[in-house]
Each structure stands twice: as structure tokens, then as C-alpha cells.
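The listed protein sequences derive, respectively, from chains A and B.
Under our numbering, residues 56 to 370 are what the first sequence spells out, in order.
Under our numbering, residues 2 to 514 are what the second sequence spells out, in order.
What the hints contain is simulated information worked out from the structure, not anything from laboratory work.
Be careful, since some hints might not be right.
Listed next, the in silico EDC-like pairs over lysine to aspartate or glutamate satisfying Cα-Cα at most 20 Å (straight line) [as the list claims (entries may be wrong)]:
| id | chain 1 | residue 1 | chain 2 | residue 2 |
| --- | --- | --- | --- | --- |
| 1 | B | Lys196 | A | Asp148 |
| 2 | B | Lys196 | A | Glu228 |
| 3 | B | Lys196 | A | Asp227 |
| 4 | B | Lys176 | A | Asp148 |
Some chain B residues near chain A, calculated using beta-carbon distances under 8 Å [stated by the list, open to error]:
| id | residue |
| --- | --- |
| 5 | Pro39 |
| 6 | Thr47 |
| 7 | Gly248 |
| 8 | Asp401 |
| 9 | Thr404 |
In silico negatives: residues of chain B with every beta carbon more than 12 Å from chain A [stated by the list, open to error]:
| id | residue |
| --- | --- |
| 10 | Pro178 |
| 11 | Val235 |
| 12 | Pro268 |
| 13 | Lys447 |
Keep in mind the model is a prediction, meaning the values are calculated, not measured.
Quick reminder that beta carbons are idealized off the backbone N, C-alpha and C, glycines included.
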Amino acid sequence: MLAYAIKRIFVLIPTLLAASLLVFIFIHLIPGDPAAVLLGDTATPEDVAQLTREMGLDKPLYTQFVLWLGNFLQGDLGTSIFFQAPVLSVIADGAETSILLAVMTMFWIVIFGVPIGVVSATKHGSWIDQVSSGGAMFAASIPTFWLGLYLILIFSVTLGWLPSSGFPSISDEGGLTNLRYLLLPSLTLAAPNAALIIRLVRASMLDVQREDHVRTARAKGLHPLRVAYAHVFRNALIAVAAAFGFTFAALVSEAVVTETVFSLPGVGRLVVQSILRRDYPVIQGVILVIVILYMVTNLLVDLAYGWLDPRVSLK
Amino acid sequence: MKISLWWKSAMAGCAALVLANSAWAGGTLRYATVGEPPSLDQHVVTSDLATTIAHHMFEGLYTFNSANAPVGLLAADEKLEDDGKTIVISLRKGVKFHNGQEMVAGDVLASLNRWGEHGSRGGLLYSNVTGIEASGDHEITIKLKAPFGPWKNLLAFINGGPAIYPASVAAAAGKEPIAPENYIGTGPYKFSEWKANRHVELVRHDGYASIEAAPDGYAGARTAHFDKIRFIPVPDVGTRVSGLKAGDYDYAESIPGDLFADLDADPNVKTILNGGPIFGLIFMNSKEGPLKENYALRRAIQAALDKVPALQVSIGPEKLWRANGSFLPEGNVWYSDAGADNFSRGDTAGAKEMAVKAGYKGEPIKFMVSTNYAFHYDQAVVFTKQLAQAGFNIDLQVYDWATLIKKRAQPDQWDLFFTHHGFVPDPILISVMNDNYPGWWATAEKAGLKAKFTGTADEAERQKIWSQIQSAIYEQVPTMKTGDVYTYNIASPKLTGLASSTLIWPHFWNVDN
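Okay, chain B solo, but in the shape it has when bound:
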């Protein structure tokens, strides 16, 4: 009798567990992330994961449409005066922050000033700003030293960009990252909670003031259908895939290429390519070592590399990579084939000859790579082999990412290092354009071209100058692009409103289940 009761209790318990298991909330979107971001403060953080979460909460004056062109979001309109040296931006009225306050010019002014002073990318614009003021309740005026072409792209790029916070939040934060309890924006979702190692949770902002235009990329109307979005760190990729198939997650990011064919064919899974490709970069040391100012030797190294086998080995399916020498992808306004003949020559004999002519005598070349990103290491191994075949003495040094970024700041520690770059809407944001980025490419040729590139607002002229800069990159080889990688995510087929590819980061306004 006792045993029978025990069994009954056990079965009832199991039934309760199974029932509880199936009782998940229908109004919550569960997104499996690869990890956790350091902060969601968009002014100071450039992590893609941070932006994936934060752009549901924070908005900028502009955003990008499906053609990657900047269009108004919190800005209603703008006019350029004084030959493009004065920008007057009128703001949308009736936009409410998550705390109920209406957004006014004072909030925009405080946010832009904080971003300009302490933001990751704010210095690019603010080094050209002579004055900025709230010229009305809903109007901002920016005065520039000279016309500055990329201003609108910089204001539209929310990653490390000028999210608009209430003036009180922006002023109180100063250079410190904004604390989670002060995550107050204007977006369709608002911050709810951040439980370390468990999840970041956003809830619908019922007072959201949407633009009344057809959705187009990140532009146009934004409607929050979910009650909540939970971003859950799931570092193991096998668990992300299994979790999505089991129905524990609705969306999972960063899935490896070797699973693509199976998942793409699975009717229970929807694969979503990230439209903005990331690309590997091998930086060369311009401050110290054998590659300093020895452009002929750099070109020899460049000539030895064949990028296709490295992409095949590291990424897999051809749908997920392009051996593209242009720094921006085909179809983008910044696409250019200038200098790209040298992108992937794989000319072992020619490289050997070029190296000898450049005075190379077999000195060790220190090549740093991290195992934190599998494709970095896989590609580096292929390139090391190719370079060895061309007679280069490569000392491949493998570190974890934290060690690599510490060492790359020390010019005596390396000659080459591998990293990757996310998609950016304006080439001025590519790290090689920053003179202070490790590698420290800051030649007179670059300085001249860069000044011309930023000094005009004429888009056609800027595209022409960008081609010249790309040519200079292939000539002076401060960095070598290793090819475009289209990462992909997977989603439950129950989700509606998802496009077959993301623009840059996934977004879940206008998405429903």
C-alpha cells in the first residue's frame, strides 16, 4: 500500500512537471545569445550583441532603411545651411521616453554632447563640430568647421552611436556606462531586468510613438507585438540549436557553417542570413618590426595569400562567404573593385621573389591569432601554411582574445594579428581608418585622402575618394581583408514578419508569433 502511494505521488509529480513544462508564456520571445554584453549603453559600447538588445530600447535621430541609406527616426527633417557647415535638425513631436517624459531638444543636446565627448565613435563627428545648440524646443543646430560628409551615417549608426537618452540620464552618467536602472529610451521595448548569467528582459513600451510609414529596414513603422523579449545567454552552440528545435527558444544566433545545410533543409527551423557581412582582417604593424614602412614586403605577403581555401575551411557552405576584395559588399553604395586584383592572388612563386627583392632574409614574423573565434584560427592556420610555402618564417602565436588585445597594443609584441570587423554603413567607421587602431596606419597619403573623404558631402565624390583609399590600402597594405562572412541565425517557423536576412542586427518589432 505504501509503495503504491509512493508511485502515485511520483507519477503525479512527473505529470505536474511535464504540464508545467508546456505552459510557457505565448507573449514572450526567447532569444538565445552567444553570451552577455558588457553594458547596453550605446554611446560607449560597440558590441554587436549589445546593439542587438539595445536597439529595441534606444533610438537615434536617424536609422537605416533597407538600402542602408540614413533616414529620419527621431528626426523629422533637416536642412543644411552655410554650404553644409550648419545642420538644422527638427525633431518629431510627441515622442515619449519610457519614463513618460516627452523628448525635447534638451535631451538630444545632452545625449549628443555626451556621445561626442565620451562615446566610442562620437569623436569622429565632434572633432569637426564648433558648436551645437537647442535652437528650439524641437530643433537642434550643429555647426561644423567644414562640411563633413559622413555626419548623417554617424548619427544613424546606433552601435557605439548617439542613442537619445533623457537629459538627466545623459548628464548624470558622464563617461561612466549608464547603469541598467537608467536604461531609458524611446524605443518600442523598454528595459525590465538584467539577471547576470540568466537573461536580459525587455517589455513592450505601450506609449511608443511610431512613425507612420511602411516598414523599410530599420526605418518606418515599428510595432511591438510581444509582451516581453528575453535575451538568454546560451554559450554552447549545440544547446542553442537543440533548444530552438525543442521549442525552448524562438531565435538563436551565431550558428556555425557546418550545420547550415541540415538546418536550411529542416522544415522546423528557419535560417536567416545576416545581410551585413563581417570580414576578417590581418593587420600589419606600422610602428615596429620588419613590416614597418616596408610596403614591398607587405605586398609580398599579400601576394602569397589565396583566400578561397581559407574561407572554405573556416566557413564551409558557399552561401555563407564571398571572396570579395571590396571592403563593403556588392550592391552597397561603397562597393569598389579598386585594388582588389591583389585581394587573393595566391602567387607563391611571385611572392617569394617579391620578398627577396624587399630585402626579406627569413626573419621571424610574429602572427597573433585567438582561438575565441574559430574562423580566425582556422584561417590563420591556412595562411601560415601558404606563407611558409612562399618562404616566410611565420611564428604563429595563439592566445585567448583578452591576451591578444592586450598584446596588440604593444608594438614590440607582434607583426601581424588577426581580427574581424562588423558591417558598417560608412567606410569612415572601418577600424583601419582610425590612425590609433593597433597597426597604426597613419601615412601622409592616407591623411590626404581621408581629409578629402570627410570634407565633402557630395556622395558621388565621396564614393570616388573611397575607391582611392581602398587602392591605397592594397598598395600600402596596413591590413589584409580575408573575405566576407555571412553569419546566420535560426528562428522558429512560428515567427511571422521576419525577413529572410537581417539588415545588420536582428530586430523584433513588427515580428509576431
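Same shape as in the complex, but just chain A:
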């Protein structure tokens, strides 16, 4: 397994190179000039040209890419045009929020999605199954911005129990209690994803339940709960593991709407704002981090396959 993991890590390098080149080309294809955005309405064309030169944006694209790549290989993602701060630190600020939000959201997905999916499958065809399947469809259909606004209205404006928006770092005053700021956003983000997991767990378990080894286990007189856990659920997890992996990566990169509604300083909102400001180094850096996250997640999911199913050979 170790050799397999090392081999996969080496495969990351050409993939990263290709991804960074594509990102670089695409962001420079968008019209717009970061110098003009930065200098504002009163800037003269000379001011804009001078700042463009100072930022090195007047150089040919291939020169800019080679320079960027050289710095990247030395661990330097450049300096944010807008924040005038190292890109790595700008991303790190956003990453804290995004990762904590993703972890909390995964927590809700696991504690709601998996048990409801299991119950729905074991009570297949009953009213419990119908209610949970209907509920999952409903949760999957609700737009996150709508759900987010209603949660704010109920829990923040009306009841005053939870903050409506923002997220102070857990290293700031308040420490871990600042996690309360992420309760409503994580529930908002969890709703459609938990629905997906409910459906997936239910479908996988129903598939496994029909297999011979499950019938044999039942015929041996094993307790139904033991059959459900040891023989059905564990086998059904193989399909669910992949979904968990990609859901986690997607939660970090695709939480733009939730981050906007709850005004969270995460990487999703950062990349959107950076596109509007034409902050090329930040866009490039964030997308690269997201690519790495997806690739690492993919690797971990593959490794998890080997752990969950010893028949899967990792070579």
C-alpha cells in the first residue's frame, strides 16, 4: 500500500503542472486589467500602464508562467495584487473557515445521512422508508441560499440563538466557541449532501441485501442487526466511501453560495472575489490548492477501498 501511495503521489506532479498551465491560460483569457481595478476611476492611462509594468503583467504570458512556476516550485505562490500579502497566507486565512465548515458539514452528513439511509434500507417499503426517502428528496431540492436565509431568519433574527453571519478565527477571542458561527452554515450545506448520502446508503444496502452471503448469514440465524452491520453495511460502505471523499473536497471548493449568504471568509468566496478583482495570483493559488485537495482525496478514497475490501488490490 505504501508503494502504491508513493507512486500515486508522483503521478500528481504532471497532473498539477497541466492543471496550473490550464488555469493560467484561462484566467488570463478573461478580459479586464487588475491595475485598472486597483487604481480606480481617477487613474490615468499612464498610471495604469506603470502599475501593470510594476506587477510584471506586461510581460509575455509564457514568461509570466515560467516565473510563476519557478516561484511555485520554491513554495512561493506570489503576492496578492489586492491584499498585497503572500498568496499562501491569504489562502490559509480562508482555508481555516472552509476546512472547519467542511468538517462540521461532514459531521452532520454522517450523523444524519448514514443512520437514516441504513434505517430506510432495513425498513425498505415501510412508511419509515417512504418518509425518509421523501425527506431526502425535499432536502436535496431546497436551494441552499433559500434554506440559509430561512435558518438566519428563524435562529438569528427571531430566536436570537445563533449569530447570523461571519466567522472569527478560533485563534481569536472566543476560541472554540466561535464554532457556533458555523452551525447554521454547516447545516445549510449538509442538507442536500446528507440527502445524497441517504439515497446512496439506502441503494447500496439494498443491493448488498440481495446477495448470497447475506442470505446465508440470515439462514444461519444471525441477529438482524448483526447482519445489517457486519454483512450489509460494511460492504455497502465501499460505494459510499467514494461519495464521502468527493463530497468533502466539493464542500471546500463549492461552498460559494453558503459562504456568501453567511458572509464566511472561506476560499469559495475568496476565489469569486478574486476573479472580480482580477487578482491573478490568488485565483491561481486557490485553484491549485483545490486541485491538490481533489487529488489527495482521490488517493485517500482509493486507499480506503483497499482497507474496506481486502479483495481490492492496490498496485
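Given chain A, work out where chain B should sit, using these hints.
Same frame as chain A, now just chain B:
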């Protein structure tokens, strides 16, 4: 037993969260902004948001009172000599920077020189300056080529204006925006921290030396009651409104017109109009294309537009807009109705006839607008329809703001573009007065009037000349004003000391909770 313990722990956790939630600091004012400014360096940045934050930290020699007249802030007094060509400004004594140093003439000299050389608006004054020196520890002397009417307004306008920094900061910065760690001013609040995407935080400057006069606009005594002010970026307007109602913010800016009636009637929310209106402008291309020097065609386009429906559609409640043809609002010393008969004629038939006489044969007219500002796009759609009805072939091109400002610098890319302008205290600061601003209006008539306008310090004379310039704008149509928009903010009713409208930008000295 295990389950019971689990539940107890969970309930205790929830209780802790709720309690922690209610334990917000009473000494912090939380201001929800629409975004983040690029920098707070007032010399080089003209963003209104930057000034909203920065004018709590940085001060200029002058500021504006409630009548928008410039009055002393760091300046104690001034005298004009040599027929107005020499200005001697004496400075207040005992004013301390946030780093504890006393402000002296050397700091003012370095700051003015940096602003004059690299500042956004400094060139306007400095192109007329022949010399500037520290003529005493607390005295500055400015020598001009000729009397220059707008000097005091330019020194008072802090947005892109001459904030006074310590000499060491101004000299070290050069043309680069000053780094946050060097944000050192003389204002009632001082810089604490800037966390990207989270907040900009200011804390009270306990050594602040206030003027001892009754507060009047931005002038007079300034008292910092809050320990801290946090400016928190909250881009979603629904979240700004909900956050204020939930008590997470004390003040929230830029709320759309369609929420005004409800919020104005809500006892838990205080609505605050921005006293200085912003106004939409449609610029015409004077360098290239069908509108270049074809003033008759420009007037035809102007005649086709009816601004009222566009304002109704884009802004909503009548309290928030005025179909006002004067470039400065009613009640302001620069208010003028010269040429304003042509502001909003909405004469479709007349415009069609005028266009034919001007030689227009249905060539496409490229009209650029951005969706970043909803009212730009909404108004542009109404105007496109009106122009089409008058026979104009309008090619509406919709971009994001960054693309629009890139394209507008290229004269072959557009014929009309939509933007808006913030309130300014002197018409010389309106972008159409700048020959280099996209649109590039630089005719001989303008040059002559502009020279007269800046060449006299007589206010009555300047107002008369401004009327003539406004007339020329309606005649040569380098730009078309689309009407005044009074944006508004909302505040917690717990805040005391807030006026029912702001002068230009909100301020929180003399405000308490």
C-alpha cells in the same frame, strides 16, 4: 445511563454556545460593509468604502461642515497674500499622531508633496503650485502660479485627498500605497488590524486632540466613544439586513431601494440617507466613432431619454431619487439649472428628427454597462428601449466591472458607457472635468471655461462660471447625467448621536450606544 450522560453533555454544550453568543463586547461598533477596499491610503485611493473607514484615522488640514463649506481641522487659520497667489496656513499645536509624535509643519509638507506628486487628486492643485515650504514649526506656505479657487475644497476633500501622515511614512511610501502597519494618522481612532476577508479593526486613539467647537458636519469636536470599530465585509445584502436585525451588526451600508419602505417602518431599524447623492453618468466617446464631434447627434440621443422611468425602475421609492439635471443637488452652493431643460426631455419624435438631421443612418452605437451595479444595468435597459423607439441602433454590451474599465480605456471599443459618480464638494472634481477621463472631453470651449473657473477665488464668480460649464455639458453632451440617487444605510436604534442623514460618508465619532 450512557445516553443520559451524552444528552446532558450535548445540552450543556448548546447552553454554552447560546451564552457565548450573547456575550458580545459592548464597546465595539460592528459595521457591515459591501466589500473590502484595496487600501486605506487616502492619497492614492478614491474608493468611498476606503474613506468611510480611513477618515476615522486620517485627517486633513480642512474638512467640511454641514453646509459642505471647508473649515479648519488640522489647520488653525490661513491668510491669502499676493492677490491670492500665496497661501499661509498655520497649524494647530499639540496634535499627536497615533505613534505619539507631535504633528509639525515637516509632516504636512511631506504629506502634501507626496499627494501632489502621486495622489489621485493632488495633480489638480499641484499643477498650479510653484513652491511649498515649511515656513515655521507650525506653518506652511504654498505659492501658486495664479489664484486657484478650489484650493481649500481640494485640501478638505479627504477621499483621494491630502491626509496628513508623519513625514517618515509619507517619504518612505513614495508612489506605493502605504502598508497597513504604517497607517498612522491623527484621527480619533487608530489602526489595529486588517484580516483579509474578515474585518478591518480600528481602536480608540486616547491621545486625540479634539477641536473645541460644537460638532458641525465633519467639523468641530470629535469624541471617540467606542473602544473599537470593526468594518466587516458582508457582500450579501440579505445577510447585512438580517445581521443588523439579529444584533450581529450595528450599522449596515448600501441597502437596496425595494427594502426601504419596510425598513423605514420597522422600529428595530433606523434608516439613514446618504446626504450627498451619487449620480449615474453615460459618457460619450469624443475620440472615435459616430459620436466624435457630432454634437447634434449627441443632443438627439440626449433628447430621447426620459430619466424618470429609469429612476423608478432602478431605485424605487421616490424618497431615494431626484430627476435633477443640476450636477450638484438642490441646496448646494453649486446647484444650477443652466441647460437642465435638456436633462430629461423624453422626446422620441423630436430625437428621431434630430438624429436624421445629424446624419445618423442607423449605425450601431455600442453602449457598455456593467452588472456589478444593479442600477447601472436597470437604467441602461430602460434607456436602450427608449433609444430604440427613437430609431437608434443600440448595441448593449454587458460586462463585469473589471472588463468594462479595461474596455473603456480603448476608444475603438465603445460609443457610450454607463458609470456613476459620488458626491463631490467642488465641481472641479467631477470626472467629466478631467480631460483624460474616458470620453476624453477636451474642447476649446471647455478649456476656456475651466481656466476661468479655477483662476478665480471669488466664490460668486466661480458659481457663475460653473453654470456656464454645465450649459456647455448639455450643449456638447460629453456625458449625460441620469439623476440623483440617495443611497441609504441602516443602523441599530441603540446607537445615539447619529444624524438622520450622512454628509458624505458615515462617521462614528460623537456616536455612542
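Hint by hint, here is what the structure shows:
Proposed proximity of Lys196/B and Asp148/A is supported: the alpha carbons are some 8 Å apart, at most 20 Å. Taken as a hint, the Lys196/B and Glu228/A pair is honoured in the structure, with Cα atoms around 14 Å apart against an allowance of 20 Å. A distance of roughly 11 Å separates the Cα atoms of Lys196/B and Asp227/A; the hinted pair therefore holds under the 20 Å criterion. Simply put, Lys176/B and Asp148/A have alpha-carbon atoms about 28 Å apart, too far for the 20 Å limit, and the pair is violated.
With a cut of 8 Å, the hint placing Pro39/B at the interface with chain A holds, because the nearest CB-to-CB distance is about 5 Å. Given hint, Thr47/B at the interface with chain A, holds; its Cβ is 5 Å from that chain's nearest Cβ, closer than 8 Å. Hint status for Gly248/B relative to chain A: holds, with the closest Cβ pair at about 7 Å, below 8 Å. Given hint, Asp401/B at the interface with chain A, holds; its Cβ is 6 Å from that chain's nearest Cβ, closer than 8 Å.
Taken as an interface hint, Thr404/B checks out: its beta carbon lies about 4 Å from the nearest beta carbon of chain A, inside 8 Å. Listed as a non-interface residue, Pro178/B fails to keep its Cβ farther than 12 Å from every Cβ of chain A; the least gap is roughly 7 Å. A beta-carbon of chain A is positioned within 12 Å of the beta-carbon of Val235/B; the least distance is around 4 Å. Every beta carbon of chain A lies more than 12 Å from that of Pro268/B, the smallest distance being close to 14 Å; the non-interface claim holds.
No Cβ of chain A approaches the Cβ of Lys447/B within 12 Å, the least distance being about 18 Å, so the stated non-interface status holds.
Going down the numbered hints, you'll see the structure goes against 4, 10 and 11, while the others check out.
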